[in-house]
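Q: These are the residues of each chain, in order.
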Amino acid sequence: MASISEIFETMEYGPAPEAARPALDWIAEHGGGPGHWINGKWTRPAGGEWFDSVNPASGKALAKVAQGSARDVNAAVRAARAAQAEWAALGGHGRARHLYALARQVQKHSRLFAVMESLDNGKPIRESRDIDIPLVARHFYHHAGWAQLMETELAGMAPLGVVGQIIPWNFPLLMLSWKIAPALAMGNTVVLKPAEFTSLTALLFAEIAGEAGLPPGVINVVTGDGRTGELLVKHDDVDKIAFTGSTDVGRLIRVATAGSGKRLSLELGGKSPFIVFEDADLDSVVEGVVDAIWFNQGQVCCAGSRILVQEGVAERLVHKLRARMEMLRVGNPLDKAVDIGAIIAPVQLEKISQLVQQGRDEGATIWQPSWSCPTEGYFFPPTLFTDVAPSATVAQVEIFGPVVVLMTFRTPAEAVELANNTRYGLAASVWTESVNLALDIAPKLAAGTVWVNCTNVFDAAAGFGGYRESGFGREGGREGLMEYVKPSWEDGRTGRREGRKAVGKAGRRDGGKNSKDGSVPSSRLPDFPPIDRTAKLYVGGKQVRPDGGYSDPVFDVAGRQVGEVSRGNRKDIRNAVEAAHKARGWAEGTAHNRAQVLYYIAENLAERAEEFAGRLAGSREDGKAGSPEVDASIRRLYTWAAWADKWDGHVHRTPYRNVTLAMPEPLGVIGIECAEEAPLLGFVSTMAPAIAMGNRVILLPSERWPLAATDLYQVLETSDVPGGVVNIITGPHAELRPVLAAHDDVDGMWQFGSAEGAEEVERLSAGNMKRTWVSYGRPRDWFDGMQGEGTEFLEHATQVKNIWVPYGE
Amino acid sequence: MTHLPAGATARPDPHLPVHPRNPGMPLELDWVQSVRVNRSAVERRAASLGARRTVKKQWQAAWLLRAVTLMDLTTLSGDDTPGRVRRLCAKGRAPVRPDLLEALGATALPIRVAAICVYHAMVETAVDALAGSGIPVAAVSTGFPAGLSPFEQRRDEITASVGAGAEEIDVVITRAHVLTGNWQALYDEVRAFREACGDAHIKTILATGELGTLRNVARASLVCMMAGADFIKTSTGKEGVNATLPVGLVMVRQIREYLDRTGYRVGFKPAGGIRSAKDSLTWLGMMKEELGDAWLRPELFRLGASSLLTDIERQLEYFVTGRYSADYRHPLG
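Residue numbers (the numbering used here), protein chains in the order written: chain D, 1 to 809; chain L, 1001 to 1333.
Calculated directly from the structure, the hints in this document are not laboratory data. Keep in mind it's a predicted model, so treat the numbers as computed, not measured. Note that the Cβ used here is the ideal one computed from N, Cα and C, for glycine as well. Be careful, since some hints might not be right.
[To be verified] If you anchor each label on the Cβ, the simulated ranges turn out as follows: (1) Ala-1047/L <-> Arg-322/D: 57 to 67 Å; (2) Ser-434/D <-> Ala-1176/L: 24 to 34 Å; (3) Gly-1078/L <-> Arg-657/D: 30 to 40 Å.
[Claimed, not checked] For lysine-lysine, the following DSS-like pairs were computed, each having C-alpha atoms within a straight-line distance of at most 27 Å: (4) Lys-108/D <-> Lys-1288/L; (5) Lys-1091/L <-> Lys-336/D; (6) Lys-60/D <-> Lys-486/D; (7) Lys-1288/L <-> Lys-336/D; (8) Lys-444/D <-> Lys-624/D; (9) Lys-1238/L <-> Lys-336/D; (10) Lys-1288/L <-> Lys-320/D; (11) Lys-571/D <-> Lys-582/D; (12) Lys-582/D <-> Lys-542/D; (13) Lys-486/D <-> Lys-234/D; (14) Lys-1056/L <-> Lys-108/D; (15) Lys-1278/L <-> Lys-336/D; (16) Lys-486/D <-> Lys-64/D.
When you get a sec, could you build the whole thing from the sequences and use the hints?
A: Structural data, given as structure tokens:
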């Protein structure tokens, strides 16, 4: 042991350990591992199978964890289902009281949680104590408020029911809170499966929640490995799956739940850019890199793992970074003066080591500090790669370790191009002292969160979630609540089970209140010749012949041929998607302009209302003219024109000196399979909100009655709709739908049709994890105000980007 | 310079080079203008400094002893008298009770404060009182604390203090030069002060609480170093806001930048508001992390303080006895 005299000279740091005893005592008091928490009770695994939870700092077993079997999962789901109605009926205020109590409990036991987390996960106690646990408490407080406000602020919304939640090992308790707090606030009950490496804080939380009086069954924790997760994902009586983890597993879940009617939100991997402009405060940038990639051992989905630095300052930044890395301290996670703790498990350490070796092999320059890591436990030193090409494996692959790559750029445009040169889109960080530059770059980045001059900052009031293959759905903020509610009108006839029975019955409905007025007597209908004209496809603002060169006849209800329609094929879809991407300017223009164009479409449609009414008459069983549908379509265009410049974002009240801008951004290019019923209204009702928000669309109009849609392209042509914004491909949906759904450059897919089609869309969307919105074969009353023009259309037409802008000179 | 007591047995650290005194350099305005400071990011780093590092047990005791030797023990009051200053000097010679030093196994260590800091009028008294101790006297000069008396008077005050035996001169800069961006005037002023100091070391007090922005703090730090400052110092202790960690962080980063570009090490002195032992450890931690161990020596780091010492003594006694201490158990300074 060093003497005071010696330390006085060397001025070294000594050990500063946090006591592990209280957490170890809890484990011991629970027999080394308590089992599952089901219906408010500890439950031993039905299969009798247990495995070890290992302390990654020592490699030694910490506790035994139950392996969840089908019987365990069934029991948990049953308990959650049994508790749900009463939990929802408790009302917002009642649930708010419970959530508030949970927040208080977390605070009261904060150190026990922090120590348990660091023991089980290997993260430094500074982080679990100062970051994870305070954020957990904050999440419950914030969502207690949302529970209180649900009836007023989310009027017309209902809980989903039972939610299955699967969380990762990197922020065990924090991810639990991100999942549980909004679910409970909105009246759902949950079955949570923690990661097999890190189950302990979830179990501790469940017990403490029970002590705080949370009703049995509201929260159930079933532990286990991926098999348990799969059981939950595939369980028939779960209404939603919320998953945080790797993109590979997220993709499996997307496929596994396709067509089941389960809602899905996925928060997946990332390779987030960290962009440094030449006018940045470079010393602060260095600390930013520490927060970006040496936080939680780099095992962070939104870790800033790709430094993009303007060439002129790259050398200085590298010099400063290397000096800073030398000062980082790796070691015992319970030591209060340690920056980097232990890697979660040997398998992860091995993966990191392999990728780093690959980085060397591919010719990048590696730099690691001169000191060495502890040899007991699983540790990896902070690592910086320079001379890295965008094509290098280490620049492409999510390493999920303390490894960062550095590349240079010349101009802001090149920075954006490099930043977006990835399948992921979780987060980005931008460093500059120029507000002009920061606010120019932030909207151009394909990422759900953009941090300006900061990184890895989180709060319950701000949404967090991905673009692209980083998943979909948001956690936190008003936007996060949408993942746990549905429109009340869907209640009792959700896609799950009920919806499946409705397959194929999706005939046209007799309209709502709008249909009662204004039927046009048939005597006034224009007299159509048997065959008038052959409708073409509409791609890139032009009427084009179908690639295949085939047309199909269209018949009216009486079986008379009323026209011919082009039979589109996969190449037509391809061309339409390309045209849609070229029309990017539509999103960059003003919302005012988009509103004007939509009003203009309405105006021109009104001009030809009679002609359209006649066209629609052929699709009506009653033979009446389609005036009500035309009228409703004109109204609808007005609605979405009105919304175009009113779907505002928010400035979230995050507890920092900053503005957190929640900006709804268009998805990009959306494929839409229109409803068979209401051939004009169903078309307009989906096209209009999508383009109002700045999306470009490829629509598959009603297969049986496509002529109203193809007539409409003449209206579009006269209404200043820029080429490529709306593309119409007629033809058999069964051929066209899968091409759109699988297209890797389509950002979203809406489907209003058969249950089989819904399953196909959800399954095929897994390729690029495009956002999907499907009807599961459930009919929708397009004339109804809630069903036909609710704000859910806008929710699905946009994704929220949160931009954090700290200020202060 | 004779910062270390003459009779000290401290071994010179073989790893530490002798620091050549910063000669200054021509004013480089492009460099000054290019300085960027992001306040929010600086505050975040400053907030995490104390949370990322801590020292416990004998490490804490050793660090606290080190803090004592880095202290510019200060009295700067209108009611200072020779008697008061002599008492302070006596405390500076023996800042920690001998029985505590013995219990700490630190009797062989040179536990004395780094300097005694007084007004010009008290320099001679202090020099007398410290004779033979090796502890230098630091004088606050140049119209302290506002620094707005006529330039010649301020320069002459330095000459007088040096003549009276002060080995270190803490000067205040003209804040107006910073607030109006007149870097040339600031440079010329500090350059002139430095010349007036001769062999005495010059600490330039930025009065950061009156500079408005951290960017101004950074630029003023840089200009002072270019003009030949041996130390840059945060505050007079008389501003509304004195030494804060964000300000300190900005200044030490400029010291690092100056070292990188010129090869010269400049010292740092936070002053004002540092009252607790824990605070002093955080400042030491920041120096170690941002600049390295060389800045944990009195040649390059000072803590300007008056009441800090008492808290450190109490913490040392707690370490020795395991009982929380009371201030009256430690001799007054």
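Q: Each hint: holds or not?
A: Tested hints:
A beta carbon spacing of about 25 Å between Ala-1047/L and Arg-322/D contradicts the range 57 to 67 Å that was offered as a hint. About 28 Å separates the C-beta atoms of Ser-434/D and Ala-1176/L, a value consistent with the hinted range of 24 to 34 Å. A hinted range of 30 to 40 Å holds for the C-beta pair Gly-1078/L and Arg-657/D, which are about 38 Å apart. For the hint pairing Lys-108/D with Lys-1288/L, the CA-to-CA distance comes to about 35 Å; that exceeds 27 Å, so the pair is violated.
A C-alpha spacing of about 34 Å is found between Lys-1091/L and Lys-336/D, which places the hinted pair above 27 Å, so the restraint is violated. For the suggested pair Lys-60/D and Lys-486/D, the alpha carbons sit about 45 Å apart, so the restraint of at most 27 Å is broken. Proposed proximity of Lys-1288/L and Lys-336/D is supported: the alpha carbons are some 17 Å apart, at most 27 Å. At most 27 Å may separate the alpha-carbon atoms for a hinted pair to count; Lys-444/D and Lys-624/D exceed this at roughly 49 Å.
Taking the CA atoms of Lys-1238/L and Lys-336/D, the gap is near 35 Å; set against the 27 Å cutoff, the hint is violated. A threshold of 27 Å between alpha carbons decides the hint, and for Lys-1288/L with Lys-320/D the separation of about 15 Å falls inside it, so the pair holds. The suggested pairing of Lys-571/D with Lys-582/D holds, with an alpha-carbon distance near 17 Å, which does not exceed 27 Å. Taken as a hint, the Lys-582/D and Lys-542/D pair is honoured in the structure, with Cα atoms around 14 Å apart against an allowance of 27 Å.
A C-alpha spacing of about 21 Å is found between Lys-486/D and Lys-234/D, which places the hinted pair at or below 27 Å, so the restraint holds. For the given pair, Lys-1056/L sits about 25 Å from Lys-108/D by alpha-carbon distance, which is consistent with the 27 Å threshold. At most 27 Å may separate the alpha-carbon atoms for a hinted pair to count; Lys-1278/L and Lys-336/D meet this at roughly 15 Å. Restraint check: the Cα-Cα separation between Lys-486/D and Lys-64/D comes to about 39 Å, which exceeds 27 Å; the hinted pair is violated.
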